[in-house]
Amino acid sequence: MNAETRLSMSGRLASRLMLLALVTAFVAGLALGALAYASTGVVFRENVNTPTGSTTRVCGEAAVDPVSSVYNYGYTRAYHNSPCSVARVLPTGWISVRVHGYRNGAYCGNSGWRNSSGASATAGTGSPLCTNPSGSQEFWTTQDGRVWQQPINAYNTVPSLTSPHANA
Amino acid sequence: MHKSAILNKRPLILLPAVFVVSALIGWYGMSRAESVEPTPTKGEAPAEAFRPGESPDVSLMPEYVTALDRSGNPVGYVESRILGDSETIDMLEGWIPVYSESLEEVVGHMVDGYGFIPAGGDVEDHEPFEVIVDPDPGG
Numbered sequence: 001m002n003a004e005t006r007l008s009m010s011g012r013l014a015s016r017l018m019l020l021a022l023v024t025a026f027v028a029g030l031a032l033g034a035l036a037y038a039s040t041g042v043v044f045r046e047n048v049n050t051p052t053g054s055t056t057r058v059c060g061e062a063a064v065d066p067v068s069s070v071y072n073y074g075y076t077r078a079y080h081n082s083p084c085s086v087a088r089v090l091p092t093g094w095i096s097v098r099v100h101g102y103r104n105g106a107y108c109g110n111s112g113w114r115n116s117s118g119a120s121a122t123a124g125t126g127s128p129l130c131t132n133p134s135g136s137q138e139f140w141t142t143q144d145g146r147v148w149q150q151p152i153n154a155y156n157t158v159p160s161l162t163s164p165h166a167n168a
Numbered sequence: 169m170h171k172s173a174i175l176n177k178r179p180l181i182l183l184p185a186v187f188v189v190s191a192l193i194g195w196y197g198m199s200r201a202e203s204v205e206p207t208p209t210k211g212e213a214p215a216e217a218f219r220p221g222e223s224p225d226v227s228l229m230p231e232y233v234t235a236l237d238r239s240g241n242p243v244g245y246v247e248s249r250i251l252g253d254s255e256t257i258d259m260l261e262g263w264i265p266v267y268s269e270s271l272e273e274v275v276g277h278m279v280d281g282y283g284f285i286p287a288g289g290d291v292e293d294h295e296p297f298e299v300i301v302d303p304d305p306g307g
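Protein chains in written order, with my numbering: chain A, 1 to 168; chain B, 169 to 307.
Calculated from the structure, these hints are not laboratory results. Predicted model only: the values in this text are computed from it and were never measured. Glycine residues also receive a C-beta, built at the ideal position from the N, C-alpha and C atoms. Do not rely on the hints blindly, as some may be mistaken.
Stated by the list, open to error - Examples of chain B residues toward chain A, derived with CB under 8 angstroms:
| hint | residue |
| --- | --- |
| 1 | P214 |
| 2 | V233 |
| 3 | I250 |
| 4 | L251 |
| 5 | G281 |
Using the sequences plus the hints, can you model the full thing?
Following this line, the structure appears as structure tokens:
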């Protein structure tokens, strides 16, 4: 075997090792991706008149993060405009969020309503509602949102929102 | 009385008997209909019911969804129509009934912020869910 042949063989071996490394990285990336934080992003839900004569665009976000534990996250966000881009600050307690947790299609419970704790455009909460036993599990969060309607002095509940699923 | 007169009145005599027999047949039919009423569906909600970016589709869930306690063990069933209706949960003041395997008995409640509390249990005896205040990992 001459030097040229040996060089060619080592080149082929190197390219095969590189391909193997790429495939391994791709598979690992997929596995990590399945475990990663999964969110809907900000989604428009409903217009609410609050205060009188002024429309607030109520948007929501539902997320689930099974990396460290199973955290069910949710946000209710207020905006001046549609689609959900210029935040609108509302008085303390005017925005509320509640999240529900599901594991493999079974109901784990909910966080209860969490109101915005100061003048804010967002109410957010996160709770480990579901346990994460060994084995393959699939998780979801659903988010409820509501905003205070000053004209009628009551909360207006907007349609709920479902997160993408996350596996663990 | 002439024989022909009696024969003429026979339909009138038979009328109450026909009425009673009809009523019995109707009652039997209704009781049969009640007995074959389908039993409610129960179990885990399928993945298709969870539509990312939309409200959960309760019509794709069983009528009663499996409920888990804080340790992750199945403890009974909650009505899926309630889970899909935030205002109904508020009307129940955050106490969602959890039914037994037969769906005939309330074995506890899924309580806002606490999860499963067995029937007769006191919220004060249970720890609320850990709450991460205003998390924003999504930016």
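Tested hints:
| no. | hint | verdict |
| --- | --- | --- |
| 1 | P214 | holds (6 angstroms) |
| 2 | V233 | holds (5 angstroms) |
| 3 | I250 | violated (10 angstroms) |
| 4 | L251 | holds (6 angstroms) |
| 5 | G281 | holds (3 angstroms) |
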